Amino acid sequence: MTTPIDDATLSRRTLLRLGGGAVVVVGLGACDRSASVGGTPADSSPPGDGTGAATTLPSAGPAPATTVPATVPAFGGKRLVLVQLNGGNDLLNSLPPTDGRYRDLRPTLAIPEAEVVGLTGLADAGLHPSLAPLGALWDVGGLALVRGIGFEVPNRSHFVSMDRWWTADELSAAGWVGRVLDGVPGRPSPLFATALGAGAPVLVGRTAQPTVITSPGSFRWVDLQPEWIAGLAVTEGAGTSPDGDLRAAAREAFQRTLRAVADFADITGGSETADDLPEREGGATIADGLAVAAQLLTSDVGAQVVVVSAGGFDTHANQLPVHAGLLADLAAGLVTFQAAIDAAGLTDEVLLVATSEFGRRAGENGSGGCDHGAGGLALALGGQVRGGIYGDIDLGDLLDGDVRPTVAPQALFTRCLDWLGADAAQVLGARDDALDLLR
Amino acid sequence: MNERDAVAWLHRRAGFGLPPDELRAAAARGPQAELDRLLDPDGAGAPATHDLWDDEQLPLDPRDREARLHAVLRWLELISTTEQPLVDRVAWLWHGHFVSSLDKVRVARLLVNQVRLFRAVGLGGFRDLLHDITLDPAMLIYLDLRDSNRIVPNENYSRELLELFTLGEGNYTEADVQAGAAALTGWTLRRGGAPGGGVRFVEAAHDGSQQTYLGATGVHDLDTVLDAVMGHDAMPGFIAATFASELLGSTDDDLVTALAGEFVAAGFDVRALVRATLQAGLDGAAAPLVLGPVPWFGIAGRVTGAAVAPRTVLRLLRGTGQLPLLPPNVAGWPGGTAWFAASSLVARSNLAAALAGATPAGEVLAAAAGDDLAVLADVLGLPAEGFGTDSSAALAATPAGRDRLAVALITPEFMIA
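So the protein sequences, as listed, match chains A and B. Its first residue numbered 1, the first sequence is counted upward by one per residue in the working numbering. Its first residue numbered 1001, the second sequence is counted upward by one per residue in the working numbering.
Rather than coming from a laboratory, the hints here were simulated on the basis of the structure. Just so you know, these numbers come straight off a predicted model, no measurement behind them. Each hint should be verified, as a subset may be incorrect.
To be verified - Cβ-to-Cβ under 7 Å is the rule here; a few derived chain B residues that face chain A:
1. T1251
2. R1315
3. P1328
Yeah, the Cβ is synthetic: ideal placement off N, Cα and C, and Gly gets one too.
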């Protein structure tokens, strides 16, 4: 499936509005609207003045013009950041419910009630203590939490599930963002669509390829002149040998890489690759990736879609300390990211969405962990996000021992595509308007 | 392919390349003799014994970072110097298949012992390999089988055994995963899981109830699980496809079916499968294959004789996205054009420059300093057609000597075997 984005499509960004004014949170539960009556910000709006909060999100007026990048070619200036928490992030401990069955299901792993961080206006759940820094983002109404997100008929394989997320459940199709990138006219900046931490199949279209930067701190030539590399990037005649396709791919990759390295020269985020071994599965931390993402979006390099990937969430064993560290990394990364976006005056231009391929089993296993589950957690962050809780879960109605999914990922994808001004019905085959989480 | 090219191909795909003088000697023996020699390096079919790890530098302390460095660096050194290249190439393949990772296992010795297992029995019977890897201490930790018990079984190993190790997704059900998890309970590590304690079976932790698993009834323990897996129709094709993809760069269905047939006929002997796979490659079934950073580094290091400072190797290979013993997740490394990701290419290019800078005086450096690119291609072990027009122009435009050698190592011709 392809999704050409013509000028007409780009002009139909009906959901986007400038300058939100006062914060009014009107989040509704995605699938079960009674959920939002039972103690969501819908009936108890969080404070909108951001008093005491370390963030200015969401913005209340025109953005300062000074630092907005000048070379934004598409999507009406909107930027999208996808954070992939690979391995299957545990919904229940990320957002511990007050439902007593949670503690029955997790006799050793439940977050102690006293440690759960309360959220203003949210009565039936709170935050994992490591996510406490997100409270400030919640209080200003810029953080949406989606619980129970997942495919109605789940697959508990990491790799099948990730594929389904990347392709909007059309396995073997292009990534659902890649389908949009295919239609972007002209030749966008090499950093236009960038994957940090690992490759990002969600950005791979039929023709579109993201620039993949797993080690941002070392993304430069050492003891090599770019003009020598340029010789390898010549593409004429590559198709004549039997392995022409792969050789052509290598030459195109060198060409893209040369431009990306040149454009990346001003980005200083990310630690230099250490001459040591990584301690985390996949190596990258979320905070590092988000720091580079913020730099990309606030620098004049034309970056508009960034995927940050981090692994380690597959907590089959020893979950308590491992998950606490991962969530602390996530929270720190999100807070710093949003501060950087706010400081650049891009509050209303950036939407960040974090997802994981599935949640974990409702009950714990014998290893101090939880096996692969179904319904999971997504969060959305940005000046145009309607903060609040979305979706509902019922621990009395499990699906083969898992949290039953109640919000389809396509509902989240629909909003992201709306954000980019793309035609969600065309990209996804059908819209899913269950998540009204954008202003 | 002429005989020299066939031999060079064998060593680039099934080994880690050869320096020019050794390639000439191998070419003189001819491809069939070389295939025999690769499959049975000491003429006795004996498993590999010699390795470069020093157990004294691998204390059983999960906090020991130096031990982890030792484990990774000595494996890289082994890859660049091994006299049993196919044994080590297949061990590398198994490492990317039966994945375990230092970031979870922590104790470097256990990972090293797992690689030793692949080197020792990686070319033997597949059932034995499956049995041994299931009870391998690093695997027991990595996929949590050591903590699985009859009250609350842990599905991690049971799932990946079927999805990634033997059958592939779509060939089993969730009920199979749960039945397998129950039947595999009871295996754990001694001394409460303290490293180095060895493996033991705790009857009290084992769920011995009769399970229906992969269509077989009465499955209740490791042996009956392995029987069911080995008897499953999808297994031979799944393993054959792994070798066809890794060694031949091919996903051709007919080829995989033929190789699976050979695997079955040989009683699931891995050596027979590897032989059939490579023979098919010599007979023209091979497709181009992007060399992953580690095999590429092994080949480049062997061909040039370069000795790059260990910390530099570590930093740059980390940048490429491929450090031995640290796969990104349980599925191992993505292959193919994933290695053309921008930062991976940059790190590989910088590593090529480091290799070129550390290449000792000799045939390779002389060729890089000379004018004849055909000679450079030859000493680097490339096929007789040498560098294509585009790469030749790029090399001609690069200063002769180390700079040109660096660029030669990242030409598509050298990175794609």
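Handout entry: Numbered hints the structure breaks, given as an ascending list
Key = Violated: hint 1 alone.
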